[in-house]
Each structure stands twice: as C-alpha cells, then as structure tokens.
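The task is simple: from the sequences and hints, build the whole structure.
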Amino acid sequence: MRICFFGRLGDRIGRTLDFSVTQPCTVEELRAVISSRFPESRDDLASGSTRVCIADQVVPEDHMVEPDDEVDILPPVSGG
Amino acid sequence: MRIQARLAERSLDARAEFARFLDGLEKEGAVVSFTGLARPRTPDGEPVDALCLDHHPRLTSRSIEQIAAETAERFNIAALLVVHRCGTVQPGEAIVFVAAAALHRRAAFEAADHAMDRLKTEALFWKREEGPSQSRWIDPTQDDHADRARWND
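Same order as they appear, the protein sequences are chains A and B. The opening position of the first sequence corresponds to residue 1 in the working numbering, with each subsequent residue numbered one higher. The opening position of the second sequence corresponds to residue 1 in the working numbering, with each subsequent residue numbered one higher.
Note that these hints are calculated values from the structure, not bench results. Treat the numbers as computed from the prediction; the structure is a model and nothing was measured. Cβ atoms here follow ideal geometry from the backbone N, Cα and C, with glycine treated the same way. A hint or two may mislead.
[What the hints assert, rightly or not] Cβ pair distances, simulated, as ranges:
| no. | chain 1 | residue 1 | chain 2 | residue 2 | range |
| --- | --- | --- | --- | --- | --- |
| 1 | A | Asp-62 | B | His-104 | 47 to 55 Å |
| 2 | A | Arg-42 | B | Ala-69 | 21 to 29 Å |
| 3 | A | Glu-29 | B | Pro-132 | 21 to 29 Å |
[As the list claims (entries may be wrong)] Here are a few chain B residues that face chain A, going by a calculated C-beta distance under 7 Å:
| no. | residue |
| --- | --- |
| 4 | Val-32 |
| 5 | Val-96 |
| 6 | Thr-121 |
| 7 | Leu-124 |
| 8 | Lys-127 |
| 9 | Trp-137 |
Have a look at this one:
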C-alpha cells in the first residue's frame, strides 16, 4: 500500500511511503505498525485528532485496510 | 447565487480578484472583502523567510468549497469568492482573499467574517513558518478557536 503523510508527519516520515503488511489489518493496527517503525511520530500517529483517509474518505479505526489501498494520514490542521 | 472557492498554487492578486468580483455583480448594494497577508515576523518577533502551506491534492479544495457553500447557505448573500494560496508564500504576499456581496451590508460583513473564521480553523492546510534559524509548524490559536465558536448556534 502507499501511505501519504501531511504536515509535520510528512516532514518527519516523508511525503509517501510504500508499505507492506503481512496480513490484513485495521486502521488502528496500521497506526501501531507505522509507529513501531517511526517511534518519534508515535504520539501524532496515535492521536484521535490525526485522521486516516482512504479514497478521500475518513475511515474509522476498525476499517480493514487492503494491501493495494492508498492511505492518507492527516494530522490536525493548521487552518488557513 | 454565485459561489466560487479555489486554490491558487503560485500567486494571489487580491486587486485583480476584487475587480473581477465587482464586474460580476448586478444589483447588490454591499461588497465586503478581506485579504490575509503573510506577516514578516512570528508572534515572538522572529523574522519569517517564508510561509509554507502544505495541502491535500483533493481534500483541501473540497474543504474550502464546503466552507464557502455553507457560508452562502447561512447568510443572505448574492455572491461569495474564496481564493486561498497553497505552497510557499513570501512575507507581505496575499495568502487568502474573501469577498461577499449582498443587497445590504450586514449580510456581506457577516458572511466574510464567518468564512474567514472557518477557514482559519477548518481549512485543510498545514502551515510551516520558515525562519533563518528554524522552522515551526503552526496550530490555530486560542483566538482563532474563540472566533470560530462565535458562530455556533
């Protein structure tokens, strides 16, 4: 799957990450897996204010992520 | 009702936008506009070299379109324009332009004010101030949130 990070997360992790998981996982599990790889971003990744979008829709924590999904991770906005 | 909300990737000419907005009006008696400029210093007085606005390729446009549509629905206006920069903005350059037109001034003032308060807290941007010695990601301020809360029914 391809994961895009925005804002300060994009700064720390990079804009895009090609990511593989060994088995299907929920959004909640995906956050934890990414956090284990990027522990300095753990707090932002775990935050309820950081939204996860797939196909431009915010998805809940129990949503199953497919291996070929494009996932966008949006930290809290600055506003305009 | 004429509603337009769009991103400007490279530059925002507020004077030209206002002139075009006026040209499109017919019988309205009130036009209110706001232009937000990139400040040259941080709140602590440190110099700012540039303001970088990160955005999502689709969701950011959608967020400002939604704010414009809901603003137009709420106030008795004839036209609303929102133009917002993304990318790198230099100090003194325009970041955002909002214009509202109505038959009478109260609706125009309120629509422009409301749109800006929502843009400041809800628009899907991530802003970073770049200075000579450091960069800083920006969050909405307490004042921004308080201004936004004024509109809650």
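For each hint, the structure was consulted:
1. A:Asp-62 <-> B:His-104: 47 to 55 Å: holds (50 Å)
2. A:Arg-42 <-> B:Ala-69: 21 to 29 Å: With Cβ atoms ~37 Å apart, the hint is violated.
3. A:Glu-29 <-> B:Pro-132: 21 to 29 Å: violated (42 Å)
4. Val-32: Hint on Val-32 (chain B): violated, closest Cβ of chain A at ~18 Å, above 7 Å.
5. Val-96: holds (6 Å)
6. Thr-121: holds (5 Å)
7. Leu-124: Because about 6 Å separates Leu-124 (chain B) from the closest Cβ in chain A, which is inside the 7 Å limit, the hint holds.
8. Lys-127: Holds, because the Cβ-Cβ distance from Lys-127 (chain B) to chain A comes to roughly 4 Å (cut-off 7 Å).
9. Trp-137: holds (5 Å)
Hints 2, 3, 4 from the earlier list are contradicted by this structure; the remaining hints agree with it.
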